[in-house]
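Chemist: Respectively, the protein sequence lines represent chains A and B. Note that this note's numbering gives residue 49 to position 49 of the first sequence, counting from 1, and the numbers run on in steps of one. Note that this note's numbering gives residue 1025 to position 25 of the second sequence, counting from 1, and the numbers run on in steps of one.
Incorrect hints may appear among the rest.
What the hints assert, rightly or not - Chain A side only, calculated, beta carbon under 8 Å to chain B, not exhaustive:
| id | residue |
| --- | --- |
| 1 | 63 |
| 2 | 70 |
| 3 | 164 |
To be clear, the hints were calculated from the coordinates, so they are not data collected in a lab. Glycine included, each C-beta is placed from N, C-alpha and C at the ideal position.
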Amino acid sequence: MTGIDVGRGRSVWWLRGVTGLACAGILGDLVANDVATIMFGVAVLLSAACVFLPASPAPLVLIGLAALITTVAADDPLRPAVLVLIPLVHALHLSCAVTGLLPRGARFDPRALRPMLVRAAWVQGVVFAIAGVVALLPVVRTPEPVELIALLSIAGLALLVIGSQRSRR
Amino acid sequence: MNRVLAWATARRAAARAGWRGTDALFRGAAGGLGAVCAGVVLHRLDLVLIGAPLLLGTILALATPLGDTPTLRVERLPRTVESGDQAKAVVAVTAGPGVELLAVRLPTPTDAGTAVGPVHLLPGAVTAVRATLRWNAWGEGADLRPDHLAAGRDALMISGPVVGTETRRTVLPPVAPLTPGRLPPRASGLVGVHRSRRPGDGVEQRAVRPFQPGDRLRRVDWRVTLRATAATGEPLGALHVRERHAEVDADLVIALDSRADVDANLGDWSTSAPVAVRPGGCLDVAVRAAAALAAGYLRQGDRVGLVDLGRPQLSLPPGVGHRQLIRIRHQLVACCRSAGWAPRPVLRGVPAGAVVVLLSPFLDDVTVDLAIRAARGHLVIAVDTLPADLVADPETPWGEVVGTIIAVEHRNRLKALRDNGVAVVEDAETVAATLAGVRS
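Pulled out of the complex, with its shape left as it was, chain B reads as follows (with noise of 0.2 Å):
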C-alpha cells in the first residue's frame, strides 16, 4: 500500500513539474472549438463568431514557445535584526521566455495577517522583485518564502506553484530606556563601579587619618601633614594620609519565568498561542522588562546575568559590557522559543550577594516558594508580569467565578511574597526606586 503511495505521489509530482495546462486551455480549447465546429455543423454563424475568440486566444496562446520553468533566488539579508527594523529584500528572477505572468509570495509592510505575506501577480519580464520587510514583532521565524507559479499567454498554461526557500531571522526584543538605580554593592573584587564601605583605590574620598605602616606615599595629604605639624610645632609632626572608598561590583540575575504565556482573556489560556509568544502576555512582559533592565543596568557597568527558570540550562552567567546584553537578548529569543509549563522552577548559578529580580505571573505557590528560598540568601525583587484585568471567559457560566478564584490566589501569593520580605513591583522601571529604598 505505501509503495502505491509512493508511486502515486511521485507520478503527482511529475506532473506538477515543468509547464502544465490549466482549466482555462481545456476551457479556450474544447469550448472554442466546440463552438465553431457545433456552428458549422449546424450552418449557425452567431455560433462561429462566439467560439472564435476563445479558439484564436488559445492558438495564439500556444504558439509561442514557453522555456525553462523561472527559478528565485533571495538575495542575502542579516540573520539578526532589531525589533522595528526594515530591510529591503530582493528577489532575482531568471525566467524564460514566453512566460507572461509572474505570481510570487511576498511580505508586505503593511499587511500584518499572514506571516510570509500576500501573493502578488507581476508581469514575467521582471528580473527583480523589491520587497520591503518590517520587523515589528521580537522573536524567531520565517520572514520570507517566495513561493512562485509562472504562466504563459493568457494564463492557459503554467508551471508550478513551487514553495520557495524559507529564510528564518532573529528579531531582538526591544529594548526600552530605564533609569537604573543603584544596586547593593558585592563585597568581592577590586573592580566595579559601586562604592563599598570598605577602604580600597577607588576615587570618593572616605577619611584622613594618621599614617600607619604599609600605607603608600603617594596617599600622604601634605596639606594636612603640615597643618598638623604647625599645630604641635615638632619639625615633622605625624604623617597623614588619604583614605578612599573601595569601588566594587554588583551583580543583578534576572530570573524569567517561561513556563506559562498568558494574556488578559482567561478563555485563550488553555489555547496554544497562535504564534510563539503572545502579544502582550505576560511572557512579552517579562522578555521587554528583561532587556530594559539588563541594558540599563549593563550601561551602568554592573554585571548582569539571566537564569530561566523553566530551563535552566538556557541560563547565562553574569557579565558586563555591551556584547552581554546582546548575549542575554539572543538568550531571551532562545527562552521563549522552547517555552512552556515544568514542573519546578529552578534557581541556581545566583553569585553571593547578588540581587535578583524575578519576572513571572506567580500563577502557582512553586515560584512563590522558590521566591522566599532566595530571599533567605539575596535581595529579591519580584515583578508581577500577570496582566493586571483579567477577562472572565464568556463561553462558560463558570468563567466570572474562575477569574475571581485566580485573581483571589494571586493576590494571596503576592501577599506571602511581601510578608516574607520579597519586595513586589508591578513593572520594571519600579525596580530602581525599589533598590532606592533598600540602600537607604
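Extracted from the complex, chain A is given alone in its bound form (with noise of 0.2 Å):
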C-alpha cells in the first residue's frame, strides 16, 4: 500500500454501533436462556459501558458473565445459544478492542479492518470445525491421565504467553 487519502473514511460510531449489535446480541441470547431479571439488568448496564467506555474492563466482564449463565442453563455443549454466543463473543472483543483505540469524532478507513476480520473468520472457522469434531465425538468420561496432561499443557500455554509478554518489554 503506498498512500491513502483521509477524509473519505466513517465515523468511529460504525465500529461502536457493531459492539451495540453485538451486545444485543449476547443479551438476546441471555433472554433465550431465560436469565434472572437482575442479571438481565446487570448485563444490561454492562453493555452500554462496552459501546461508551471500550477500554474498560466491561467487555470481558460481560464475556464472562454471558459464559457462566449460558454454561448454567443447560448441559448441551452444542446447543444454539452457545453457538451464537462464540461469534458474539469474538465481534464483542475486536470491537471494543479497535473502539478503545479511538477518539470521539475519529474516522476510520475500512480497508484497515480488513486483515482483523480476516483473521477472525480464520479462527470462527477453525473453532467451528472443532464444535463439528466434537459433535461427531462418542460422549465418553475422560481417563484422569489425560485431562492432568491437559491441564498441564493449559498451564504451559500460560506460561508461554506470560514469558513472551515480559521479553518484549
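Hey, can you piece these two chains together into the complex? The hints should help.
Modeler: Below, the structure written as C-alpha cells:
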C-alpha cells in the first residue's frame, strides 16, 4: 500500500454500533436462556459500558457473565445458544479493542479492518470445525491422566504467553 | 517530593515508549485462557468453545513479531498562505513489520471544529498519508499536528500515542476589492500620481504663459508663439511656454485599534475569545478593512502606512508597492497576535499632510480624544467597526440596560467626532466617497 487520502473514512460510531449489535446479540442470547431479571439488568449496564467505555473492563465482565449464564442454563454444549455466543463474544472483543484506540470524532478507513476480519473468520472457522469434530465424537468420560496432561498443557501455554509478554518489555 | 514526581513521570514515559499491551490483550489472554481452563476443569465444552476464539486470536496476534515503532514526517508546506487557499499535506510513514493499524490525527477540509483535525484509523501498511488543508480563517496558528498511535494485530499491542510535531502557518488577511478615492496630495516631493496645484513636471497641462527666464526651451509652445507673432506682426514675438501641474505623493495612514475585540453579543465581551480573533468581531472587521484599503490605495500608487494604536512599536512607516502590501498584511497578523487592552492609544509617526483612517469600535473616550487631536493636523476619517446590532446578555436582568447604555455612549462618541470635524463612516467602502466630498 502506498498512499491514502484521509477524509473519506467512516465515523467511529459505526464501530460503536457494531459493539452495540454484538451486545444486543449477547443480551438476546441471555434472554433465550431465561436469565434472571437482576442479571439481565447487570448485563444491560455492562453492554452500555462496552459501547461508551470500550477500553474498560466491562467487555471482559460481560463476556464472563454471558459465558457463565449460558453454561449454567443447560447441559448440551452444542446447543444454538452456545454456538451463537461464540462469534458474538469474538465480535465484541475485537470491536472493543479497535474502538478503545480511537477518541470521539475519529474516523476509520474500512480497509484498515480487513486483515483483522479475515483472521477472525479463520479463527471462527477453526473453532466451529472443533465443534463439528466434537459433535461427531462419542461422549465418554476422559481418563484422569489425560485430563492432567491437558491441564499441564494449558498451564504451559499460559506460561508461554506470559514469557513472551515479558520478553517484549 | 519533586524527585519522586520526576521519577514517577520518567517511569510513566518509559512505560509508554515502545510497544505495550492493551486491555484487549488482557481480555483475550485472561478471558480466553480462563474460559478454556474453567471449561476443562469443570468438563464444560461450551466454556471451552466460547473462550477458544479469544485465546486463539491472542496467540495468533502475539505470534507476529513487532518491528520498530513507526515514525511520521510531514513534507514541507509554505510558511505563509492566503486566506481561502488549500494545499495537500503529505505525511510520510515509516513503520516496521507487524503494524496493522495506524491512528493518525490529520485535518480534513470539512471539519471546522478542531484546529488539527480528527483521528483517522488507517491500514498499518500505508507509507504516505495525504490530507487536504484549507485555510478559511486568517491569522496565525497550528494547522497540522500528526499525533499518532500504532497498533499490532487485533489492537492487542500499541505504540504511542505520540504527540506529533506542530507546524504553524501565517494566513494573510483577505483583500476585498475596494475602489479607492483620490487622496489630498501632499505638497512635498516631486513624484507621485496626484495632481498638485503647483506647477511642475507632470503630464497634465496647467496654463500657457509668456516665456520667463529659467523656463526650459523644450516647453516652448511653438504654435501659440507663432499665432502670437502673427497677431502682433513682429518677426519674432514673445515666446510662450506650456506650464504643467506637478505630480506629488499622497500618504494614507491606517490606524488600527487592536485594544478591543468584541462582537455583537454583549455577554461574550467579558470572556476571552477561543481563537486569536473573534470571527465577525470588530478586530476582524477592522483588519479586513485595513487590508482592503491598503491594497486599493497602494494599487493606485499612494503611500500607505500602518499604526497600531495599542502597540505603536508594531507600526509600519508609509511605503509604496506590492511589497508594502505584503508587509502590511503580515503586520496586521502580528498586531492581532499581540492584541489586547492598552490604557492609552498612541498615534505617532504620521507624516504631515497624510490622511488618517482610524478603524476602531470607539468603546472609550480616549480614542475619541485621540481622533479629535489628530484631526487638528490631518484629515481623519473614522471607520466605526462596532457591530451594528448589539445583542444584550440574556443571562443577566441588566443585559438590556447595559446594552442601551453602551449604544447611547457609542452614539454620543460618534457625534462628538462629527462635531469636531472627523468624518465618521460605517465601512471601508465609504472612505472613497468621503474623500471625494472633502476634495470638492
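Chemist: Run every hint past the structure and note whether it holds.
Modeler: Right, here's what the structure says about each hint:
1. A distance limit of 8 Å between C-beta atoms decides the matter here; for residue 63 of chain A the minimum to chain B is near 6 Å, and the interface restraint holds.
2. For residue 70 of chain A, the shortest C-beta to C-beta distance to chain B is roughly 6 Å, which falls under 8 Å, so the interface hint holds.
3. With a cut of 8 Å, the hint placing residue 164 of chain A at the interface with chain B holds, because the nearest CB-to-CB distance is about 6 Å.
The structure is consistent with each of the numbered hints, conforming to all of them.
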